[in-house]
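Go ahead and model the full structure; you've got the sequences and the hints to work with.
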Amino acid sequence: HIFAKLQRLDLRFYDQNPVGRLMTRITSDVETLNELFSSGVVAAFGDLFTLGFILSAMLYMDWRLALITFSVLPFVVLTAFLFRARLRTAYRDIRVRLARINAYLHERITGIVVIKPFSREEHDARRHAEINQDYLEAHLRSITYYALFFPVIELFTAIALALIIWRGAPRCWRAPSPWASWPRSSSARVAFSGPSRISRRSTTCFSRPWRRPSESSS
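Under the working numbering, the first residue of the sequence shown is numbered 11, with each subsequent residue one higher.
Treat the hints as calculated values from the structure; they're not laboratory data.
Note that the Cβ used here is the ideal one computed from N, Cα and C, for glycine as well.
Please note that the accuracy of each hint is not assured.
[Stated by the list, open to error] The calculated label-pair distances, taken between Cβ atoms and stated as ranges, are: (1) Phe59 / Leu158: 25 to 33 Å; (2) Pro161 / Phe23: 41 to 49 Å; (3) Ile141 / Arg94: 35 to 43 Å; (4) Val29 / Arg130: 13 to 21 Å; (5) Val124 / Gly56: 48 to 56 Å; (6) Leu61 / Val124: 55 to 63 Å; (7) Ile122 / Leu150: 28 to 36 Å; (8) Val87 / Arg18: 40 to 48 Å; (9) Lys15 / His133: 32 to 40 Å; (10) Ala157 / Phe23: 33 to 41 Å.
Below, the structure written as structure tokens:
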């Protein structure tokens, strides 16, 4: 279907979009869509179902301690929103730079009969190294965001557990059977820390921007 669509486009479209960029869109974007629907959506719905079940169990066992746990959720959501915005920018930069590399390689390889007579090899090699460096820096930015994102989520989870221990431990010790009531009230909070950490696959997929080829910068 994609190839048939390309066949129907007019020549002006191909004048505005280098072949290397179009190849990036056909290959990389299709693979990203496949990952989105095969992994990202499934993981996201699984996390939402698990989170809803655990939240219901927490409210049933002890709604007061559950509300203390919920107090950190706005910070978790805000953190995920801020990092997702930065990840979208990082993935946009990666895609633009990858398309730029493919377009540059295609133009230089197909035009090798012109490059060699004019002795442009060294100049083109330096230019290719610059484009590759930009691509590497874009990847490093996305890795840095991930390296910061998950520790921040873990920090909020630790804060929630600390609040539970601070408010819930005295109540459990005053209960008739503290050793029976405390594990039951705290186990759900520990399980809650799993879904509260947004899965890497779903965050990656839903953070990737979808843009038409003509919207990418050259």
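Structure-based check of all given hints:
Evaluation of the 25 to 33 Å hint for Phe59 and Leu158 yields a pass: the beta carbon distance comes to about 28 Å. At about 45 Å, the beta-carbon gap between Pro161 and Phe23 stays in the expected band of 41 to 49 Å. For the pair Ile141 and Arg94, the beta carbons lie near 27 Å from each other, so the given range of 35 to 43 Å is not met. Separated by about 20 Å at the C-beta atoms, Val29 and Arg130 satisfy the suggested range of 13 to 21 Å.
Under the hint 48 to 56 Å, the C-beta atoms of Val124 and Gly56, about 54 Å apart, fit the expected range. The given range of 55 to 63 Å is respected by Leu61 and Val124, whose C-beta atoms sit roughly 59 Å from each other. At roughly 31 Å, the beta carbons of Ile122 and Leu150 sit within the given window of 28 to 36 Å. For the hinted restraint 40 to 48 Å between Val87 and Arg18, the CB-CB distance of approximately 43 Å keeps it satisfied.
Separation of Lys15 from His133 is about 36 Å and conforms to the stated range, judged on CB atoms against 32 to 40 Å. Between Ala157 and Phe23 the C-beta distance comes to about 39 Å, which sits within the given range of 33 to 41 Å.
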